[in-house]
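Peer 1: Mind docking chains U and E on chain X? Use the hints.
If you want the building blocks of each chain, they are given just below.
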Amino acid sequence: MPQTGWFDPTRIWFFGLLVMLCGAVLAYIFAARRGMRINVRRIAGLEAVDDAVGRATEMGRSCLYIPGVQDMNDIQTIASLTVLARVAKTAAEYDARVEIPTTRSLVMTAARETVQAAYLAAGRPEAFSPDQVYYVTDEQFGYVAYVQGLMVRERPAACFYMGSFFAESLILAEMGNSVGAIQIAGTAQPAQLPFFVAACDYTLIGEEFFAASAYLSGEPDQLGSLKGQDVGKLIVGAGIITGVAAETIAGLTGSVAVRSFVDFLINRVLT
Amino acid sequence: MKRTVPLLITAVVGFTLIGAYFVPYTQSWGETVAIWFDVLAAIAFILGGGNLLRSHLKKISDQQRGWAYSIIVLASFLGTLFVGLGKIGVAPSPQFLEYSWSGPYRQTGSAFWYFYQYAFQPLTSTIFALLAFYIASAAFRAFRAKNLEAILLLATAFIVLLGRTFAGVALTGWIDPANWEGFRHFTGLRLENLTVYIMAVFNTAGNRAIMIGIALGIVATSLKILIGVDRSYLGKD
Amino acid sequence: MGAFLRDQWWVVAIFIATLVPLVRRFASAGVMEGLRTLDRRWIFLLMLWSVLLPIYFIGVTGRTFPEVPSALARATFDEIDRLAPGDPVLLSFDYDPASEGELQPMATAFVKHCAEKKLKMYFMALWPVGPQMVQNTVDRVIRADYPNLVYGEDYVNLGYKSGYEAVIRVITTNIRELYTTDARGTAIQDIPMMKGITSVQQMKLIINVSAGYPGVKEWVQYGATPYPAVHLIAGTTGVQAPLVYPYVPRQLRGLLGAIKGAAEYEKLVIDTYGGPNPDPKYLEGLRRMGPQLVAHMLIIMLIIVANVLYFTEKRAARRPSTGSGRPERAEGR
Numbered sequence: 001m002p003q004t005g006w007f008d009p010t011r012i013w014f015f016g017l018l019v020m021l022c023g024a025v026l027a028y029i030f031a032a033r034r035g036m037r038i039n040v041r042r043i044a045g046l047e048a049v050d051d052a053v054g055r056a057t058e059m060g061r062s063c064l065y066i067p068g069v070q071d072m073n074d075i076q077t078i079a080s081l082t083v084l085a086r087v088a089k090t091a092a093e094y095d096a097r098v099e100i101p102t103t104r105s106l107v108m109t110a111a112r113e114t115v116q117a118a119y120l121a122a123g124r125p126e127a128f129s130p131d132q133v134y135y136v137t138d139e140q141f142g143y144v145a146y147v148q149g150l151m152v153r154e155r156p157a158a159c160f161y162m163g164s165f166f167a168e169s170l171i172l173a174e175m176g177n178s179v180g181a182i183q184i185a186g187t188a189q190p191a192q193l194p195f196f197v198a199a200c201d202y203t204l205i206g207e208e209f210f211a212a213s214a215y216l217s218g219e220p221d222q223l224g225s226l227k228g229q230d231v232g233k234l235i236v237g238a239g240i241i242t243g244v245a246a247e248t249i250a251g252l253t254g255s256v257a258v259r260s261f262v263d264f265l266i267n268r269v270l271t
Numbered sequence: 001m002k003r004t005v006p007l008l009i010t011a012v013v014g015f016t017l018i019g020a021y022f023v024p025y026t027q028s029w030g031e032t033v034a035i036w037f038d039v040l041a042a043i044a045f046i047l048g049g050g051n052l053l054r055s056h057l058k059k060i061s062d063q064q065r066g067w068a069y070s071i072i073v074l075a076s077f078l079g080t081l082f083v084g085l086g087k088i089g090v091a092p093s094p095q096f097l098e099y100s101w102s103g104p105y106r107q108t109g110s111a112f113w114y115f116y117q118y119a120f121q122p123l124t125s126t127i128f129a130l131l132a133f134y135i136a137s138a139a140f141r142a143f144r145a146k147n148l149e150a151i152l153l154l155a156t157a158f159i160v161l162l163g164r165t166f167a168g169v170a171l172t173g174w175i176d177p178a179n180w181e182g183f184r185h186f187t188g189l190r191l192e193n194l195t196v197y198i199m200a201v202f203n204t205a206g207n208r209a210i211m212i213g214i215a216l217g218i219v220a221t222s223l224k225i226l227i228g229v230d231r232s233y234l235g236k237d
Numbered sequence: 001m002g003a004f005l006r007d008q009w010w011v012v013a014i015f016i017a018t019l020v021p022l023v024r025r026f027a028s029a030g031v032m033e034g035l036r037t038l039d040r041r042w043i044f045l046l047m048l049w050s051v052l053l054p055i056y057f058i059g060v061t062g063r064t065f066p067e068v069p070s071a072l073a074r075a076t077f078d079e080i081d082r083l084a085p086g087d088p089v090l091l092s093f094d095y096d097p098a099s100e101g102e103l104q105p106m107a108t109a110f111v112k113h114c115a116e117k118k119l120k121m122y123f124m125a126l127w128p129v130g131p132q133m134v135q136n137t138v139d140r141v142i143r144a145d146y147p148n149l150v151y152g153e154d155y156v157n158l159g160y161k162s163g164y165e166a167v168i169r170v171i172t173t174n175i176r177e178l179y180t181t182d183a184r185g186t187a188i189q190d191i192p193m194m195k196g197i198t199s200v201q202q203m204k205l206i207i208n209v210s211a212g213y214p215g216v217k218e219w220v221q222y223g224a225t226p227y228p229a230v231h232l233i234a235g236t237t238g239v240q241a242p243l244v245y246p247y248v249p250r251q252l253r254g255l256l257g258a259i260k261g262a263a264e265y266e267k268l269v270i271d272t273y274g275g276p277n278p279d280p281k282y283l284e285g286l287r288r289m290g291p292q293l294v295a296h297m298l299i300i301m302l303i304i305v306a307n308v309l310y311f312t313e314k315r316a317a318r319r320p321s322t323g324s325g326r327p328e329r330a331e332g333r
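Chains as they are written, first to last, in the numbering used here: chain X, 1 to 271; chain U, 1 to 237; chain E, 1 to 333.
In case anyone wonders, no lab produced these hints; they're calculated from the structure. You can take every hint at face value.
Some chain E residues well away from chain U (every beta-carbon gap over 12 angstroms; in silico):
id: 1; residue: W10
id: 2; residue: I14
id: 3; residue: R24
id: 4; residue: M32
id: 5; residue: L53
id: 6; residue: G62
id: 7; residue: G86
id: 8; residue: A115
id: 9; residue: K204
id: 10; residue: I270
id: 11; residue: G274
id: 12; residue: D279
id: 13; residue: R318
Below, simulated BS3-like cross-link-like pairs (lysine-lysine); rule was C-alpha separation at most 25 angstroms, straight line:
id: 14; chain 1: E; residue 1: K204; chain 2: E; residue 2: K118
id: 15; chain 1: E; residue 1: K118; chain 2: E; residue 2: K281
id: 16; chain 1: E; residue 1: K195; chain 2: E; residue 2: K161
id: 17; chain 1: X; residue 1: K233; chain 2: E; residue 2: K217
id: 18; chain 1: E; residue 1: K117; chain 2: E; residue 2: K204
id: 19; chain 1: U; residue 1: K146; chain 2: E; residue 2: K314
id: 20; chain 1: E; residue 1: K217; chain 2: E; residue 2: K204
id: 21; chain 1: E; residue 1: K161; chain 2: U; residue 2: K87
id: 22; chain 1: E; residue 1: K281; chain 2: E; residue 2: K117
We treat Cβ as the ideally placed atom computed from N, Cα and C, and that holds for glycine.
Same shape as in the complex, but just chain X (with noise of 0.2 angstroms):
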C-alpha cells in the first residue's frame, strides 16, 4: 500500500462510483427542493405505525421499542432512532406508553434525547419520563431473556423492532405474538428477514428500512434522496448487466478483448 500521494491510483475507480451515487443522491436531493414532485410507494409496514401505537392506547397497554443490539456506530440503528422519534411522538400525542430497553449505554443515552424530543415535539414535554429509555445489557441473549420476561408481565399491544438484529430475531418475534401484540420490524441484516417476515404483521426489508425517516417525515429534500437511491440502483443494475453480457460473451466466444475488459473490470474497476 503506497504510503506518500495525495491519491490511491488503486482506489480511482471505487472514487468515481462513489461520486456518481453521492452525486445521484444530492442532485436529486436538490430537485426536490426546487419544487419536483417525489412519488414514493406506498410502505405498509411505515404506515401501520400510528395504527399500532392507536391500537395500543385503546387497549390501554404499553408499546415496546426495541433499536437493534448494535451500537451507535452502526447505521442501523441511527436509522432506528430516526423511526423512533416519530413512535415516540405518535405516543406522546395519543398518551400512550413507549418503553425503549436498549443493550448499549450511547444508545440508551441517544434514544433519550431522541424521545425527549419527540415529546416535546408533540406538545407533551411533562408526559416524557427518563425512566421510559434504559439500559439492560450488553449481553444479547440476557437481553433476550429481559425482553420476553417484559413481554409476558406487561404484555405490549405493540411491539417495533427496528435496528440490527441477530439470533434473538424470532425469540423476540414469536414471544410478541404470542402475547398478541401487533409487531413492526425492520432490520437491514439479510439473515434475520425471514424471521421477522413469518413472525411479524409487518416487516420492512432492507432499504425499505434506510428509507423510514424520509417515509415518515414526508420532507422534499428527504424523499429527493429514495429517488437518488433509485439512480444508484439503475447504475449497479447496468453494471450487473454489462458485466454478465460481458463474461457471457467472453466465455461463448473466446474474444480476447472481451475477456481483456472482463478482467479490467474486476481487477480494476471492482476491486
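Peer 2: Using the frame of chain X, we list chains U and E on its own:
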C-alpha cells in the same frame, strides 16, 4: 448551538474519514477512529452500569412489582464485578510471581471462570436453544400455501429441510449411476445436491439483491446524516 | 431399535404418557378442532421429544447416520491437508456459548486436524468470550490428546482484542501493533513461535469459526479480499452460511455451514486421522445429525398439518356457496 455543533462535528469528521480512505498517508485514520469509538463505548459502560444500578435500586426501594428480581440482578452484577476486578482465585502470572494480581482474570479455576462456565454459559445456551421451539411454532402458525409464491417457498423449504439431513440421502440415494448409467445426468436432482444448488444459486441471488439495496440505502442515509438533511437522530427542532 | 425400545421401555413410557392428554383432546374435540385450537406448548413438547429421543438413542447405542461429505467440506479439508508440518495457521474463534452447540464440533475438528498435521496454531478472537472458546478447545483437544505440543512453540493464544473489523485491518499489516502480549500476559517478543511473524499475511491459512458480527464476512472483506494470497476457510452457523456463499471459492476457499457442515468435515477428519475407535468428542457433529433429522421431519409434518387445516377451513368457509359462484380471492402476505 446545541444542534449546530453536533451537526458540524458529524460533517467534518465524516467527510474527513471518507477522504482519508483515498489518501495513502491517512488510510489508517479510520481504524484509529474506530478504536477511539471503542474507548468511548467502554467509558459509556459506566453510564449504563450506573443507570442499571439506579433503576433497580429504585424498584427495590419502591417495592414495585418484581422487585425481588432486581435484587438478583444487582447481586449478580456486583458479585461478578467484584470477583472479576478483584481477580478472586487467580494465581499470579509465572512471569510476575511477586505480583498477586498479575494473572489473567479469566484464568481456568478462578471464581470468574466458575461464574462463566457454570452460570453464564448454560444460561446463554438455554436462551439460544429456545429458537428451536419457536421455529416449530412459527412453522405451524405462519407457513401457509396461500398463493403461488408461498407454494414455491414451501416446496423449497421441504427440499432444504430434507437435504440437510440423512433423509435427503435416503430418499434420493437411488439416483446413482451405479444403479443405472442414465442416472449420471440426474444426480443433480438428489436432495442434498438440490439443496446446495438452491443455496448457492437462488438464495445467493436473492441475498445479493437485498445486500445491494441495503448498501445503497446505507450510502444514501449516511450522506443525508453527514450533510445534515436528516437530523431526526438528534431529535426534532 | 427393537432392543433399544425393550431396554429403555421407561423412556418410551414417559414419552407416551406425556402425549396421552393430547390424544384425548383430539379424540374428544375432533382432530380439526383440536388442531385449530392447539396450544403452542404442545408443539414445544413435540420439539423437545424430537431432540431428546434421538440424543438419548445415539448416546445409548452409539450409532450415527452415515455422512457423505459435500464438495465444500472436502475443499475445507483439502485446504488444511495440503499444508506442510510447521506451517503457521491463524485460528480465529469468533463465537460465544450460545452458538457453541453448532460451532464447537467444527472448532474441535479444525484443531485436531491442525494438530495431526503438526501445524503452528495461532489462536485469537474478535468476540469478548472467544478466548474462553479457545481455551476450552485447547483443553479438550491439544492438552488431552496432544500433550507433546508445547505452548509458545506449537500453539499460542493471542487472546481477544476489541475493535471488530478494525482489528483485522490492523493485524493484516502489523500484528504487533495490536498484540503486544498473548492471552497469558507474556510479551510477544518472548514467544518463540512469534519470531518473524509480523502480520497475518504470513499465515499459510486463516481458519475462522464465526457466529455473527464480527466474523467471516469481515475476514473476507478485510483479511482475504485485499490480499489474494491469503487463504481463508470458515465454519459458520446455518443462518450465516447463505450470506457468505457468494464469496466461495475465490475469497473463501472452503465453508462449513451449520452442524451439517461440521458433521461432513468431522467424517473426513475421522476417516483420515481418527483411527478405529475415535474419541466421542470428535463425533459430536455426527451425533447431532440425529436430532436434526427428527426435528426437521417434525417441522415438515407441522407445516403439512397446518396447511391441511388451512385448506379444510377455507373449503368449509365457502359453503354455502356464494351467489356469484366465484371462489374467494386468496390472501397474500
